[in-house]
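Asker: Given the coordinates of chain C, work out where chain L should sit on it, guided by the hints.
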Amino acid sequence: GAVVSQHPSWVICKSGTSVKIECRSLDFQATTMFWYRQFPKQSLMLMATSNEGSKATYEQGVEKDKFLINHASLTLSTLTVTSAHPEDSSFYICSARDLRAGSGSPLHFGNGTRLTVT
Amino acid sequence: TQLLKQSPQFLSIQEGENLTVYCNSSSVFSSLQWYRQEPGEGPVLLVTVVTGGEVKKLKRLTFQFGDARKDSSLHITAAQPGDTGLYLCAGGAGNMLTFGGGTRLMVKP
Numbered sequence: 001g002a003v004v005s006q007h008p009s010w011v012i013c014k015s016g017t018s019v020k021i022e023c024r025s026l027d028f029q030a031t032t033m034f035w036y037r038q039f040p041k042q043s044l045m046l047m048a049t050s051n052e053g054s055k056a057t058y059e060q061g062v063e064k065d066k067f068l069i070n071h072a073s074l075t076l077s078t079l080t081v082t083s084a085h086p087e088d089s090s091f092y093i094c095s096a097r098d099l100r101a102g103s104g105s106p107l108h109f110g111n112g113t114r115l116t117v118t
Numbered sequence: 001t002q003l004l005k006q007s008p009q010f011l012s013i014q015e016g017e018n019l020t021v022y023c024n025s026s027s028v029f030s031s032l033q034w035y036r037q038e039p040g041e042g043p044v045l046l047v048t049v050v051t052g053g054e055v056k057k058l059k060r061l062t063f064q065f066g067d068a069r070k071d072s073s074l075h076i077t078a079a080q081p082g083d084t085g086l087y088l089c090a091g092g093a094g095n096m097l098t099f100g101g102g103t104r105l106m107v108k109p
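Chains as they are written, first to last, in the numbering used here: chain C, 1 to 118; chain L, 1 to 109.
Next comes chain C alone, as it looks inside the complex (with noise of 0.2 Å):
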């Protein structure tokens, strides 16, 4: 089945710093990728979604110069948390669709970063 890698699993940083999160679709094509973030005991919150080549687009309250993405492959998109800080720590989860499929059909997610800003 379609996989989809994120790392790192779980990273701590210090509070000022800048933290990379990568998510690459292993075997399948992406034009579309997803960034959420998730609570400690809640659901998904979708942050944004990240576009081949063109510019992400952010949901509303999200920092869009806070959480940077990048998406400049149809393999890879990146989260980059700027300038971090303590209430930014939580479980990043990506997730993106084969292009090939249509637009209704399932999300493959990554298994996720756990960020622990100190």
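Just so you know, not all the hints are guaranteed correct.
Below, in silico cross-link-like pairs of lysine-lysine (DSS-like), each with a Cα-Cα straight-line distance of 27 Å or less [what the hints assert, rightly or not]:
# : chain 1 : residue 1 : chain 2 : residue 2
1 : C       : K66       : C       : K14
2 : C       : K66       : C       : K20
3 : C       : K41       : L       : K70
4 : L       : K108      : L       : K56
5 : L       : K108      : L       : K5
6 : C       : K55       : C       : K41
7 : C       : K41       : L       : K108
8 : L       : K70       : L       : K57
9 : C       : K41       : L       : K5
To be clear, the hints were calculated from the coordinates, so they are not data collected in a lab.
Answerer: Using the frame of chain C, we list chain L on its own:
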């Protein structure tokens, strides 16, 4: 914004009991998916339903899509401790997927 309301939010039952999780919306979705997520991992797709009134079975799990494609239910028969996890419904419309608030299920042995 299309909202999906899941109920109950939390459910703790004994092994062998049956349960039903509901996912409701005032909006129509082209498809509805159910995912299961374990701590520290990404959601794993259980099923996709696309036709109003559709019923799908996956071993002890039965999924139903409402006739109007606005709601769905997940029924688990004879729950087992291995069913413990966060169950998420998600409605598809165009390229977007909207998640419900999730149901955290704990099955005690």
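Asker: Next, verify each hint and record whether it holds.
Answerer: Going down the list of hints, with the structure as the test:
With a C-alpha separation of about 16 Å, the suggested pair C:K66 and C:K14 falls inside the 27 Å cut-off, and the hint holds. A threshold of 27 Å between alpha carbons decides the hint, and for C:K66 with C:K20 the separation of about 12 Å falls inside it, so the pair holds. With a C-alpha separation of about 25 Å, the suggested pairing of C:K41 with L:K70 holds against the 27 Å cut-off. For a cut-off of 27 Å, the pair hint linking L:K108 to L:K56 stands: about 26 Å separates their Cα positions.
Our distance criterion of 27 Å between C-alpha atoms is met by L:K108 and L:K5, whose separation comes to about 25 Å. Between C:K55 and C:K41 the CA atoms are separated by roughly 31 Å; this puts the pair beyond 27 Å, and the hint is violated. A C-alpha spacing of about 18 Å is found between C:K41 and L:K108, which places the hinted pair at or below 27 Å, so the restraint holds. For the hint linking L:K70 to L:K57, the alpha-carbon distance of about 19 Å falls within 27 Å, and the restraint holds.
Among the hinted pairs, C:K41 with L:K5 is consistent with the structure: their alpha-carbon atoms are about 16 Å apart, no more than 27 Å.
Hint 6 from the earlier list is the only one contradicted by this structure; the remaining hints agree with it.
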